[in-house]
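J.: The primary structure of each chain is shown beneath.
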Amino acid sequence: MSEVLARSKTSLRWRLGPVWSLANLLLIVYLVTLATSFLGESIQVQLQFALVNLVIVVALQMFIGTSGVLSFGHIAFVAVGAWTVGLLTIEPDLKRSLLSDMFPFLFDVQAPWLVAVFIGGAVGGLLALVVSPFLMRLNGLQAGIATFALLGVVTQVLTYWSSIGPRSGQSMVGIPDVLTLQTTMFFALGAIVLAWLFQRTKPARLLRAAREDGIAAAASGINIVSQRIIAFAVSGIVAGVAGGLFALTNRVLQASQLGIELTFVTLAMLVLGGMLSLSGAVIGALVFSLIDVGLVQLQSGVDLGSFIVSLPQGVRPIILGLILVGFLIFRSSGLTGGREIVWPFRPQRTALPGVPVKNE
Amino acid sequence: MNQFIQSLVDAISGGAILGLAALSIGLVFGVIRLANFAQGEIITASAYTLIFTWQFGWFISIPLSIVVAIALSLLMEFAVFSRMRTATPATLLIASFGLSFLLQRVYELLFTNTVQTAPVASGLAQSIDVGGVRIQMLSVVTIILAGALLYGLTMFLTKSSLGLQLQAAAADFRTARLIGISASRVIGLSFALSGVLAAAVAFVSTVQTGAVGPTFGVPIVILALVGAVIGGIDKLSGALAGGFLVGFATSMLASWLPQDFSNFRDAYVFGLVILVLLFRPSGLLIKGRGVART
Amino acid sequence: MPTHEIGLVVENLCVSYAGVPAVRGVNLEVKAGEAIGLIGPNGAGKSSTLLGIMGATARTGTVRINGNDVTGLPPEKVVRQGVAIVPEGRHIFAELTVLDNLRLGLVGRREKTGIPEAFVDVFTLFPILEEFQGRKAGLLSGGQQQQLAIGRSLMANPDIILLDEPSLGLSPTAVDTVFEALDVVRKAGKAVLIVEQRAEFTIAFSDKTFVLHDGLITLTLGPDDANNVDALTKAYFG
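Residue numbers (numbering that gives the first Met the number 0), protein chains in the order written: chain L, 0 to 359; chain Y, 0 to 293; chain C, 0 to 237.
Don't read these hints as lab results, they were simulated from the structure.
Any given hint might turn out to be false.
[Unchecked claim] Once the Cα atoms are required to be at most 20 Å apart in a straight line, the calculated EDC-like pairs of lysine to aspartate or glutamate come out as:
#	chain 1	residue 1	chain 2	residue 2
1	C	K135	Y	D171
2	C	K186	C	E33
3	C	K186	C	D120
4	C	K30	C	D68
5	C	K186	C	E4
6	Y	K234	C	E94
7	Y	K158	C	D99
8	Y	K234	C	D99
9	C	K135	C	E94
10	C	K76	Y	D171
11	Y	K158	C	E94
Treat the numbers as computed from the prediction; the structure is a model and nothing was measured.
Bound-form chain L, shown alone:
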């Protein structure tokens, strides 16, 4: 009798744990947003950017964390999503005068911003879907290089092809100011929920199994490539949406903002938090942004009573870089160690269905 009870207790925690971790994450994001609403305009703006980055990192985690395959190219999907939203939300007259080299039909296409964001997501997902049959066959290093090349292609095209955007050196301006911090938060919460749901789908479970042991997975008949394509496409959609949010937050777009530097920042966030878990993506994005905000404050000088502490210009990215490299050396599993946050329950190795609990 007690054995049955014991078993059902375990299975209750097994079932409750994942939901609890989701609730934890949503709560954390909500509380952080709430807290900053008392802290003044500039902090709120920085939080908005941080939330956009959070969505990107969640998209990254959906693919990299699940499949174990590296992708340097997700910012390409962010970029096309941002571009789409930019083109759809800028006033036609503004487009005609500033982006004069574009294809004529692009002058008149318009969409309400919310619709535009989802279209941006669709475009991101479509691009991911189109390239994935080719890229998803590759492992490790080659995948990194190939996705990096993809980013290179997209960046070059967006920079120079003035038929779909501004001329090189110029920016896309005039994106309307319609996105509030609150709405961004809802998008972030939605992305987290979506990622959480995705974790539970069959493709995600199969990919995690394949990540643990690729040969056994292939021998069991799992078509790894098709599962990866699904994960890549779905994460491409989320990345595209993030791009749309970026466009609406920044309100000015230039291809150079959506390239290697953003790739570095988002990867750093993911590594910091822990690549293998959704909690890692969320925590990593928030902690990194927090440190960044702190560094910005330090740069402008912090009054500690008897003296002022201030960071010289240019040290900030170095500190962030040191954090990334430091974590990769000393704690490559990140702050969360690849585990989900199930406080107040004790953390298990993983709280995900389909992954056996490993002894370490």
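With the hints as your guide, set chains Y and C onto chain L.
T.: Frame of chain L, contents of chains Y and C only:
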């Protein structure tokens, strides 16, 4: 026709330089499975050295640039990569990516974003007349330099004990240790050699542009890395060939692409890369379609 | 001050992989001029024992080479104490020539003298290596590669030689050649430790054979036990 020969020489020279850069990446990868993104920053450091010390004479400046390259290379190994022996190649790639980013910002802090200039070996920047064709002297020097370095490296690898040990370690690291080959010595050697090659690349690139900024080495290493992978980063000959191919193609495209498309040159190269990886994931020079040891 | 004892002494060697023990307290000793066999079923821990001795995997216990404690030393330093290993599967460097493979064996050699003689000795032992010295090692047959692997280890002039399944994948004739050479090596005064799956052969050849079962030595056999079916069955099936 003359224009074709000119562009051909330039392309061979461009290929030679990128081949050396790719080789420097392949040397380290062969031993510890690290594709070092930060190789670009070694090139930049060497270039900065040339710029700042050229005034003291080439016999000081050039050796110093080589020393700086080797020193920085060894420092990277000691400070970062030696602590990551059990990491997967993909994780190492992220680490080198992060290190590269970090160093670029350090250069920005130390030397500002403004490019530094100096008339390094300006005598080489002229053209000479060979049978009616105007050829860049620098291109000729580059080809000779690359050839000499390759010859020297090949002799070292095949004839000296240390060179053989390096080959053995690259082929089968575990067995190499079991027969007494010192892991740290071989790894240090690969980093040092890769530094020497980086210095050569830095020299040619600096003479070519005459100006160095914090991101000097970035475009070079991107193409070199990409070239090494498509040539087959597992083998030194593969990395060299891949780098040469990418350098050659980039140069030819620069010479012959019509004006409207020239901006997309890099996009074409990247597209080519993706295509090659599609059909030959292990690299062009590796026979069969096997997946590389990554 | 104890005399400089040539030989291998292993005390309470333990090796585990990710928490799973493979070797659970092995004690053995190999003296100069002796050949000791180590047999047992698959997964018994035979390879792990050899790798543990070489320091190639984390281990606890004491390993003494010629009286010197080598605990904690990495493989490249253990080699320089006077021990060489011929790994399972031979692991010769396929892209390099036979001669270069032999040259690499010199890296672990303690003395810088006697090198030409070392080549002569190896070529006398394995004439085929002299014939194929310029050929790429990957082109040799399995048996020839095994000869090369042994020759490579001999170039280091070790006092102790460890062999991991030298007969694996070899034809009977090739096995004969290998063990004839090992006999010469034993008679030359080296200490030889052979890990094998072929029980009868090893028991007949070695001065003493230990049976390893599930990480522990369970039985000791002598050459006379080679035809003793009962002892063999007990050795393998417990």
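J.: If you test the structure against every hint from before, which numbers come out violated?
T.: none
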